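Next come the chains, spelled out residue by residue.
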Amino acid sequence: MLAVRVIPCLDVDEGRVVKGTRFEDLRPAGDPVELARAYNDQGADELCFLDIGATPGSRETMMSLVGKVSEQVFIPLCVGGGVRSVEDMRRLLHAGADKVAVCSAALRDPGILSEGARMFGSQCVVLSVDAKRAGRSWHAWRNGGREDSGLDAVEWAARAAKLGAGEILLNSIDRDGTKAGYDIELVRTVAEKVPVPVIASGGAGTLGQVLDAIREGRADAVLLASLFHEKKMTVGDVKAYLKEKGVPVRW
Amino acid sequence: MIGIVDYGAGNLRSVRKAFAFLGKDAVILDSPEGFAAVDRVVLPGVGSFGYAMDRLRERRLFECIGEWGASGRPLFGICLGLQLLAETSDESPGVTGFGFFKGVCRRLPGKKVPQIGWNSVRVLGQDPLLAGIRDGEFFYYANSFYPPAGAGVLAVSDYGIEFAAALGKDNVSGVQFHPEKSGPAGLRLLANWAGSC
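Protein chains in written order, with my numbering: chain A, 692 to 942; chain B, 408 to 604.
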């Protein structure tokens, strides 16, 4: 039986892990390689690294840290942030990433999804959707949550899956870092619409909320950041709870 | 020495890093010349069946691998690499595989394809490849197609349908999941295959 994945997310700026609230007020959260090793030891099913530093230097640092992590940690690594072209995807995959998350570049040119899938396989191509509520629906935002693309987030995710995205990393800007719970309605709407796995992200504050994202939201995987970085709980705590509730987890 | 076949699409770096972590030397094989220096061959894989076979022929690796397997030397396929060891695949009709395992690779049924994530594996029998692997252990998959379950099924997984997770027949074997991305259990499996080389 396929397990629901528990994925720690590391937002990296100039080689340091940071965490903010609603994509702002960034606070330092630790060393990426040390955290990666610790989460792996706790039973993480995958690791997600997002480069939020906008500089070329930050990008180079990300390459070398992905290289280091992939020599020590043998679970899937998803890397994103500032990916602009298929060539950027290739460089990250060569550095040691197993999957590359694309956000703004795909909104500008959706062809990057089909081209990436053709060259590397759709299992390498993750569409990251930064979704923000707009009345009764959600819009997909770009540039780190600074600009509204105007596109409906759910329609965009469905179109991306058709183009070749193998997974949807679904971030709720409204819930990011708030610990107010995942946007369950958003997660469920996308999970029921797209034929590829959906990773719920943004807002995890309690174990019950994680369970809700899986049971009510029908997420295939859950992403957590603040709770792990602040050492409020371990990956093992989350998985033990899910297992007790009857959710299939890798144990 | 282990040789990892490079046909331009595989995830060979991850496989090499996993062997390095286990203290096993591995070299990349991107031309027929390299085969003389190795005693075990890994065929890794991501991408599509037809694309991989075209690249293998372009690089004159198709005949090398076929002869290698036929001569009784150890050959191990990972993910698409295992599917290439079958006769054909629905993914690329008309393209011929190596044929070490009889049958056709089929597309997974179900609503969410590709299968991406950790699936449990039921171990059948006691093949040395799976020594020390607990029945029900999880391995990481990323696949839309699965290999044929003829003779030599060593383990199975369930994704709407039960399919062969590991195949082995004499010197030729392979796994549909990614052992190089499956944590300690995956490393154990790679170490089992590599033996004392």
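Since the hints were derived computationally from the structure, they do not count as laboratory data.
All of these numbers come straight from a predicted model, not from anything done at the bench.
The beta carbon of each residue, even a glycine, is placed where N, CA and C say it ideally should be.
Do not take every clue at face value.
Partial selection, computed: residues in chain A whose CB lies under 7 Å from chain B [unchecked claim]:
| id | residue |
| --- | --- |
| 1 | L693 |
| 2 | R696 |
| 3 | R728 |
| 4 | A729 |
| 5 | Q733 |
| 6 | D736 |
| 7 | E762 |
| 8 | I766 |
| query | Does the interface hint hold: is A/Q733 within less than 7 Å of chain B, judged Cβ to Cβ? | reply | violated (12 Å)
| query | Does the nearest C-beta of chain B fall within a distance shorter than 7 Å of the C-beta of A/L693? | reply | Cβ of A/L693 sits 5 Å from chain B, so the hint holds.
| Does A/E762 pass the interface hint, meaning its C-beta sits closer than 7 Å to a C-beta of chain B? | Where the cut-off is 7 Å and the nearest Cβ of chain B is about 5 Å from A/E762, the hint holds.
| said: Holds or violated: the hint that A/R696 contacts chain B, with Cβ atoms closer than 7 Å. | reply: Constraint on A/R696 satisfied, holds at 5 Å.
| message | Under 7 Å is the threshold here; is the Cβ of A/D736 close enough to any Cβ of chain B for the hint to stand? | response | Interface hint status for A/D736: holds (6 Å vs cutoff 7 Å).
| When the least beta-carbon distance from A/I766 to chain B is tested against 7 Å, hint result | holds (6 Å)
| query | Hint check: is the beta carbon of A/A729 less than 7 Å from a beta carbon of chain B? | reply | It is violated, given that the least Cβ distance between A/A729 and chain B is near 14 Å, above 7 Å.
| query | Once the shortest beta carbon distance from A/R728 to chain B is found, is it less than 7 Å? | reply | violated (13 Å)
In this structure, the earlier hints numbered 3, 4, 5 are contradicted, and the remaining ones agree with it.
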